[in-house]
Amino acid sequence: MRFKDKVVLVTGAGRGMGRAIALAYAKEGARVVVSARTSIFGEQTISQIVALGGEACLAGGDIADRESIRAMVERGVEVFGALDIVVHCAADAPHGLIVDTSDETFDHLVRSNIQSLFWLAKDAAPHLSKATDKGRLIYISSGEANRKYTPRLIPYGASKAFMNAFARGLAVEFGALNILVNVVEPGLIGTDRMNEALGEALPHKLAAHFPVARLGQSQDIASAVLFLTSNEASYITGTSLLVDGGATMVALPPMEDILKDH
1 MRFKDKVVLV
11 TGAGRGMGRA
21 IALAYAKEGA
31 RVVVSARTSI
41 FGEQTISQIV
51 ALGGEACLAG
61 GDIADRESIR
71 AMVERGVEVF
81 GALDIVVHCA
91 ADAPHGLIVD
101 TSDETFDHLV
111 RSNIQSLFWL
121 AKDAAPHLSK
131 ATDKGRLIYI
141 SSGEANRKYT
151 PRLIPYGASK
161 AFMNAFARGL
171 AVEFGALNIL
181 VNVVEPGLIG
191 TDRMNEALGE
201 ALPHKLAAHF
211 PVARLGQSQD
221 IASAVLFLTS
231 NEASYITGTS
241 LLVDGGATMV
251 ALPPMEDILK
261 DH
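Residues 1 to 262 (full-length UniProt numbering) make up the sequence shown, in order.
No lab work stands behind these hints, which were simulated from the structure alone. A few of these clues could be false.
Below are the BS3-like pairs computed for lysine-lysine, each with C-alpha atoms no more than 25 angstroms apart in a straight line [to be verified]:
#1 Lys134 to Lys27
#2 Lys4 to Lys27
#3 Lys130 to Lys4
#4 Lys122 to Lys134
#5 Lys130 to Lys27
On a predicted model such as this, the values are computed, not experimentally measured, just so you know.
Model the full assembly from the supplied sequences, consistent with the hints where possible.
See the structure below:
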């Protein structure tokens with residue numbers, strides 16, 4: 001119960017890593033603001049939290065929309081009276097070659113993955129600064145920010161590199177506001193969205209080359225997030241925790257070999 005009575009906003013909490021993070025907080029006593037673009041997924045997460053005996057509310061989830069970001073922060077404060085922790089997990093990840101990517105697709109990615117960082121930090125800061133211990137802001141980045149190992153995700157990886165730089169600067173500025181800012185960088189995590197983008201076979205082909213030769217699980221990311229927002233991490237800010245089974249430390253074979261028969 002490390003997070004008893006803490007109020008936590010999790011974006012992208014409708015499924016995958018976001019849902020795992022929301023459930024992990026609920027299991028440890030937090031009251032969770034569930035942000036999900038697809039409301040039925042968000043409601044499913046809330047049902048699971050309630051089944052655990054926890055408290056949760058649903059907030060709007062379109063992170064590409066300025067007013068939706070403002071509304072989800074206000075919703076959490078309205079229902080629970082405070083905001084102690086924000087975990088920004090939602091992201092846009094269009095899959096394809098740059099030459100086939102439309103301007104509209106790229107513009108939407110910029111709003112979702114870059115502008116949302118600014119909007120959420122700006123709106124949440126006045127509330128996080130009032131946290132009893134220290135307010136916490138966690139951005140879920142990606143190993144793609146460090147190393148290009150997944151095909152056809154160039155804009156996504158670039159946006160996550162921006163996220164890492166933004167968070168480092170924010171940690172300095174927000175230190176005076178009583179807020180710690182950190183990043184978790186997942187590697188290949190076995191989620192529905194990853195399967196939808198890459199298929200089921202390709203991620204396993206890639207993971208077979210990692211030092212920990214398996215796909216990561218959503219709970220691996222949830223555990224890292226909870227550590228960075230716990231009292232055990234009260235002297236950590238401006239850092240990025242890579243949770244990728246060692247993927248960025250190895251040389252992969254040529255991509256055309258990995259893509260054979262895919």
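Structure-based check of all given hints:
no., hint, verdict
1, Lys134 to Lys27, "holds, 21 angstroms"
2, Lys4 to Lys27, "holds, 9 angstroms"
3, Lys130 to Lys4, "holds, 17 angstroms"
4, Lys122 to Lys134, "holds, 17 angstroms"
5, Lys130 to Lys27, "holds, 24 angstroms"
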